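Q: So the protein sequences, as listed, match chains A and B.
For the first sequence, position 47 (counting from the first letter as 1) is numbered 47 according to this note's numbering, and the numbering increases by one without interruption.
Counting from 1 along the second sequence, just add 1000 to a position and that's the residue number in this note's numbering.
Where hints are given, some of them may not hold.
What the hints assert, rightly or not - Partial chain A-side listing against chain B, Cβ under 7 Å, derived:
hint, residue
1, Lys32
2, Asp45
3, Arg54
The hints are simulated quantities; they were obtained by calculation from the structure and are not laboratory data.
Just so you know, these numbers come straight off a predicted model, no measurement behind them.
In this text, a Cβ means the ideal position worked out from N, Cα and C, and glycines have one as well.
The primary structure of each chain is shown beneath.
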Amino acid sequence: MISKNLTAASTKPIILGILKQGNSYGYLIIKKIKELSGGKMEWSDGMLYPVLHRLEKEGSIKSKWVMEGESRPRKYYEITPSGKKVLSSEMEQWMQVNSVIERLWNPKAASN
Amino acid sequence: MFNLEKSIRSWLKLFQKHRAFNHGSIREMELHLRDHIEDLIAEGHSEKSAFEAAVKEFGDIKPMAKEEYWNLRLKSSLNRAMIKNYLKITLRNFRKHKSYAFVNIFGLTIGLTIVLLIGLFVSDELGFDQFHANKADLYRVVENQYYAGQPVFPVAVTPTALAPSLHEEYPEIVKATRIAIDADEFELGGNKIMENEGIMVDPHFFEMFSFPMIDGSIASFFENLNGLILTEELANKYFPDKNPIGELIRLNGQDFEVMGIAEDVPKNSHLSFRYIKNFQNYLAGNPDRANNWLSNWLYTYVQLDPAAVLDTVNNKVIGHIKANNESSVTDIYLQPLTDIYLGDVDFTVEVSRKGEMMYVRIFIVVALFILLISCINFMNLSTARSAKRAKEVGLRKTVGANRNQLIVQFLTESVVFTLVAVVLAIVIVAILLPSFNQLTSKEFSLQMLVDPEFGIQLGILVLFSAFITGLLAGSYPAVFLSSIRPILTLNAQNVTIKQGAGLRKLLVVVQFTISVILIVGTLVVYKQLQFIQDVDLGYSKEHVIYTFVPSRQSTAFANEVRNQRGVVSVARSNRHPAYVLSSSSGFTWSGKDPDETILFHYMGIDEHYVSTMELRIREGRDFFPTDTSAVMINERALEIMGLENPLGQTIDAFGDRTIVGVLENFNFKSIHSGIEPMIIFMIPRPSRVYIKYDPAEEENIAATLDEVWKEFFPNAESEYYFLDKDFNEMYEAEQRTSRLSTYFAILAVLISCLGLFGLVSYAIEQRTKEIGIRKVLGASVPRLFVLLTTDFTKLVLVSLLVSLPVGWFSMNKWLDNYAYRIDLSIWIFVFAAAIALFIALFTVSYQSVRASVRNPVNALRND
Chain A
1 MISKNLTAAS TKPIILGILK QGNSYGYLII KKIKELSGGK MEWSDGMLYP
51 VLHRLEKEGS IKSKWVMEGE SRPRKYYEIT PSGKKVLSSE MEQWMQVNSV
101 IERLWNPKAA SN
Chain B
1001 MFNLEKSIRS WLKLFQKHRA FNHGSIREME LHLRDHIEDL IAEGHSEKSA
1051 FEAAVKEFGD IKPMAKEEYW NLRLKSSLNR AMIKNYLKIT LRNFRKHKSY
1101 AFVNIFGLTI GLTIVLLIGL FVSDELGFDQ FHANKADLYR VVENQYYAGQ
1151 PVFPVAVTPT ALAPSLHEEY PEIVKATRIA IDADEFELGG NKIMENEGIM
1201 VDPHFFEMFS FPMIDGSIAS FFENLNGLIL TEELANKYFP DKNPIGELIR
1251 LNGQDFEVMG IAEDVPKNSH LSFRYIKNFQ NYLAGNPDRA NNWLSNWLYT
1301 YVQLDPAAVL DTVNNKVIGH IKANNESSVT DIYLQPLTDI YLGDVDFTVE
1351 VSRKGEMMYV RIFIVVALFI LLISCINFMN LSTARSAKRA KEVGLRKTVG
1401 ANRNQLIVQF LTESVVFTLV AVVLAIVIVA ILLPSFNQLT SKEFSLQMLV
1451 DPEFGIQLGI LVLFSAFITG LLAGSYPAVF LSSIRPILTL NAQNVTIKQG
1501 AGLRKLLVVV QFTISVILIV GTLVVYKQLQ FIQDVDLGYS KEHVIYTFVP
1551 SRQSTAFANE VRNQRGVVSV ARSNRHPAYV LSSSSGFTWS GKDPDETILF
1601 HYMGIDEHYV STMELRIREG RDFFPTDTSA VMINERALEI MGLENPLGQT
1651 IDAFGDRTIV GVLENFNFKS IHSGIEPMII FMIPRPSRVY IKYDPAEEEN
1701 IAATLDEVWK EFFPNAESEY YFLDKDFNEM YEAEQRTSRL STYFAILAVL
1751 ISCLGLFGLV SYAIEQRTKE IGIRKVLGAS VPRLFVLLTT DFTKLVLVSL
1801 LVSLPVGWFS MNKWLDNYAY RIDLSIWIFV FAAAIALFIA LFTVSYQSVR
1851 ASVRNPVNAL RND
């Protein structure tokens, strides 16, 4: 199980990462995260929404309601250009953390 | 038995407890839960276990609410985009609903136009005498005279000795000047012209008041007994193409040297003058007047030490005249300079430029009334249309708009509407300005609007009032529309919002109440004015023309005029019949209580005056040409003197005189005031000549008189005045109010009807189907008409219940200002009510008739 703190810290890059692959709505995003983490990340589904709404307010993503045929209306989220910038800076930071940890725990691989 | 829908609904209710969730986000959660449950059921869960599992995984709502709450506080980066969107929607609504936008903007425009015009008027009236740098410390000394059996007699003029004596005796009074009104015959290069609006002043005058000089020296003016200061206007009149400084000009046969040019007196100064003489010049000719404490004839102005307290000074000076003149019944007090123009006290011998605070107040109230009416229009029309916009609100809420954003949106709309109306109103004001000037006798110009200081102030004021109006007009619609529940609007095909109908009705009642009050006011003012004009003055002012001639030639002149064609009779006096302001309390007779002081007004006439002016003799006889020591008194004097047999009695009035006749009371002042005791003397050669002419000769009379004038005074321009015209000028303020209130009432009714028109068309639109069905079921056109008009007629009737008593009360109060007044007849109110009802019915009818005769097929086809 991945700890709560770490989960919380990684939410933003994960959501932005998922949306970078294509527009999606809340339930699908959650499903995708669960899939990717193999159920190792402990999420309460509801906590996703405040994060989505905050990202929207910050301008990283935008949303629109879509109704297709007979299906339920869905609120689709889409990453904005500024969201993409946020994502790449997040990626950089996570990479740096990753490389520090790798060098510490796997000195050989790191020195190669 | 487990009910999935019910469980979902009660789960959703948990969100509604938290303000952080808006309709959009709750909907989003609901859809999430439903998706999840669907998936779980597909995996083989029962409905119940699927629901429980989904809810469990969804997690606790409280921490979510906390997070969302923090989100709410984040400033949205979409703000600017949203505002842009609001503006876009506003404009789209403009285009889509042109007639609605027109009614709204038109109403607001009229309202704002009136507010702007009244604002100009009121700021000008309130701005009188504000340009003096020392205004806070400047005062005029005025009198209260007390006479037995008579009310307090307030007088604005004071004795010659007062100003110097006050300055000397009281250290708080740091400066003082006398201002005596003067008129002289100007003679330059053989031409003689009578000039009035001259003043004689003391040296402190220019230090106290801010009347700037253009040229010349004030110091040398006051050193010279025959110095003269002209205003720019007079300087240009007499010396159009040379520097007037140092030039000589004859005034009443005495040479004066022009020693200074002053700027023209601003329009908003209660003191007005066109030339200034040194007061010492007057004293040189009348040395015995310097210490006179008896005769009130000039204005006294003082400047107080800024540290002095007005009440303290007033307590000290109150008995100053009595201290110098034992027989005096006069108290004095200081009246602040800035209170003079709009002062409430009706002084005898007031300056000619005098306003009325009452009218300023009335206009302010009217402006607010009309603004309120147009704001109500806006509110009513906006909320009435709410059903149309309910879908928009519903959708906005569903996609996440919260209430604050919606309120901001609707306020944006109303502010935009108001701004458009403001621009239109300014254009209309610019167009109306000349006629408005005529109406109000003011001189506003467009230049004032461009003037940097005034223009900016006005601009700020206009924008500010537009903003306030926008907020006021938009507040209720905003709060009301934003409260609409989206679920109600998005489900149903046709939404009727009944909410707010009560308030709309109330607002219509308020509108009509105000309109009817204005109608009543207009009618009463009009009636009263007519009454004043037709009131029996006790003399005849019709077909009388008058002029002034030098006293020594007045007899010959009068005789010559008497021989002209069209002249009925000629009389002379030393006073204007409607402005007899000379008075004395020094008259005695046998039987007078020596402790009582009684004030008599007096005038001097010739033996033709009583018959020419058609004064009525109650007892005794008219003057004979041979009378030298005879007097006549009026009924009021007789009453106050308490004489039983007045004829033949002696009265000591400037010497012993015999009463030969008693005249019926007649008005010799404004008819605002009651009738006072009056004594009439025969005097030799009075210089005012009154000519009663044959009405058929009205057109030629001036030319006829001109010829006589030229014979007598070949070098002077002739000047004639019509008596009834003077009379009309005395009531200019009333006439102005009457004209303005007529316009205001018309506009108020128009705006109210505009609103009513909008409301009715909306209500009928809502009832289109109902009307169709009723018609199909056999309702007749008249029946439908009654059905549609009753509702609105009821509102007007309710408003009458309020407005008529209020109108009666307030107009009665206004009429109390007059010594002669009409009684408020019931017919005025019946008439006002009828007008209001008729106009309202007319407005409603147009739409009702249209709706009633429409083919029901069209109304019902949509279903």
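Q: Can you list which hints this structure breaks, lowest number first?
A: 1
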